[in-house]
Amino acid sequence: MNILVCIKQVPGTNKVEVDEETGVLKRDGVSSKMNPYDLYAIETALRIREKTGGTITAVTMGPSQAQDVIKEAYMMGVDEGYIFSDRRFAGADVLATSYTLSMGIRAIGEFDLILCGKQTTDGDTGQVGPALAEYLEIPHVIWVKGIEEVDENSITVEQDMADCTAIVRLSYPCLITVDKDIAQPRLPSYKKKLKTRNRPVKIMSFDDFADKNEDNYGLSGSATKVERIFPPDSNDDHIMFEGTGEKLSREIYDILVKNKIV
Amino acid sequence: MLSINHNRCDLCGECIKACPFGALTIKDERVEISAACRMCRICLKKCPNKALLAADGIRKTADKSNWKGVLVFAEHMEGRIHPVTLELIGKANELGAKIDHPVYCIFIGHGITEKARELLNYGVDKIFVYDHEEFACFREDLYSNAFEDCIKKSKPSIVLVGATAVGRSLAPRLSTRFRTGLTADCTVLDVKENSDLIQIRPAFGGNIMAQIVTESSRPQFATVRYKVMEKARFIDNFSEKLTASEISEKIEICRLPGSKMKSKIEILKVMPKEKEVSISDAEIIVAGGRGFKDKKDLEMLEEMASLLGGQTAVTRPLVEAGWAPYTKQIGLSGRTVRPRLIITCGISGAVQFTACMNTSECIIAINNDKNAPIFQAAHYGFIGDLYEILPLLCDEIRKREIRNAV
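From first to last, the protein sequence lines are chains W and A. 0 is the number of the first residue of the first sequence in numbering that gives the first Met the number 0; add one for each residue after it. 0 is the number of the first residue of the second sequence in numbering that gives the first Met the number 0; add one for each residue after it.
Chain W with its partners taken away, still in its complex shape (with noise of 0.2 Å):
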């Protein structure tokens, strides 16, 4: 079986700058991490290889340190791994990050399941897989929280939907994207980082894919624009109170009674 995990570098921390006068991302000096959620994927993706065997690839989008996500995959015992990093990639929103995905995804070759994290914890959207999917022609399911079955031509899948759990099947070649509470991610081992110190990430750019009209990547090929970032509303009419302990828990308190809350 061919297993597929899209996985993000993302910020360390959520504290980010952004340049207000450009709209652009101060990263630099920012640590960064492998997003949460997709470590989630790997795990599925690894149990599932025990059970049906096949090979694990790790796609990642992203500029060249991106490729240190799929260093960690790796380590927890991903066979393979590409990064799409090219300049021309850049600035891209849900469709045109989603295209350049299935265009490197269609480049790499054929695969039966697709995993993806919940979400990213930079973007918060969870747009991308179901995007990916639509551009790959094939089923999603969302939100997938455990795993019933899995075998040559099916994933059976429990979907959180919010006020009911779905049993749902899924034929080859499928996409879901995967949720906290579905495995708890194994650690990266020492061992496997030694064995796969030189295992290559290999590096495909605009110029490997099969649509070469660059207006469909990056900035250009998204239908989203930015027009401007500002900062968060703050409310106006804010009374501050200082002081002991005492003399605040009695002044909450008579904010309590006179909003009638107590």
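Watch out, some of these pointers could steer you wrong.
In the DSSO-like style, the derived pairs of lysine-lysine whose C-alpha atoms are separated by at most 30 Å in a straight line are [unchecked claim]:
1) A:263 / W:50
2) W:50 / A:49
3) W:259 / A:369
4) A:263 / W:179
5) A:292 / W:179
6) W:70 / A:49
7) W:70 / W:194
8) W:259 / A:230
9) A:152 / W:224
10) W:50 / A:292
11) W:179 / A:294
Derived from the structure by calculation, the hints contain no laboratory data. In this text the structure is predicted, and so the values were computed from the model without any measurement.
We have chain W already, so just place chain A on it with the hints.
Chain A only, in chain W's frame:
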């Protein structure tokens, strides 16, 4: 345009034999495509390595005057309209009135045709109903086909979808199918005279808001969470007063061709979840953040919440630390809340958090850092130590209860 993944091509020549136009040749150990290609796609089927690709690219320019209307995805649970739908209709009515566009709903399910009338009472101009037993359970592929059909019929400028489990699955699928823009979790929506939707949301994972537009493609997709927009006004008895012919004009029963009703997804079982009171529905919330030093200290939060008859909630770091379940998380990656009262304790107030609670009626913030951004969102800010304040406040409330009981 036809293109080739050269690293997947083994030069077997099948495509060259298949091409009726002689458009393919091998040159310097590479398959080349000439201008003779008519995009018949016969070679795609013949290639054993799937190295050929017909890339449609991304459509970008739309004639905006061809796209008119605000379409709302009407979500329901076995016929019960999800409240986020009424909130989206409220916003759609406002946007539609501004640019003189009609408001449409799409309603997909089984045995729901009668229910569609209910939506007319909220000011919707027209409802497209897809009622079929195959739509009984949500299946992304069939629902997407119905949604696509509806968009092709109604040609809306704007499509609003609730950011629910179903909405989050459908919206990116459809926006991609139409090669257009989607903005998730909008907190503010407005519209320009030229029908461009102004979409505002917290962005870049930083403490900043972004105004986003989909300026050259249509329709414009946006998702909005539950409890962010105001509910549409209910017009009493509106649908009852309509004549049969008016109703049939306002409710269009739609069918898909058989080829669009084949699903690759099989729902084996649907199990109801234990009904828990969601923090989104809570009237009073006491929320904790990184100011708490230990998991067991969250008991203070519990006690405070139970004294006020409310619920506890937390910020993302506490969920990530495993101190509280995901269902308790307020924030962009959690829930949005709009209670009568929220007391935040030891929460600094990143925009991902405040954007999901700042419409609460009364916000009381307790934090020991006077520069914490939470104080910008709060109505009442208390600079102090939650470890001192919370126990004293609990005592105060308990004393009152005793006084009241006497």
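Each hint tested on the structure:
no. : hint          : in the structure
1   : A:263 / W:50  : holds, 23 Å
2   : W:50 / A:49   : holds, 28 Å
3   : W:259 / A:369 : holds, 28 Å
4   : A:263 / W:179 : holds, 25 Å
5   : A:292 / W:179 : holds, 24 Å
6   : W:70 / A:49   : holds, 29 Å
7   : W:70 / W:194  : holds, 11 Å
8   : W:259 / A:230 : holds, 25 Å
9   : A:152 / W:224 : holds, 27 Å
10  : W:50 / A:292  : violated, 41 Å
11  : W:179 / A:294 : holds, 20 Å
Against the hints set out earlier in the document, a violation occurs for number 10 only.
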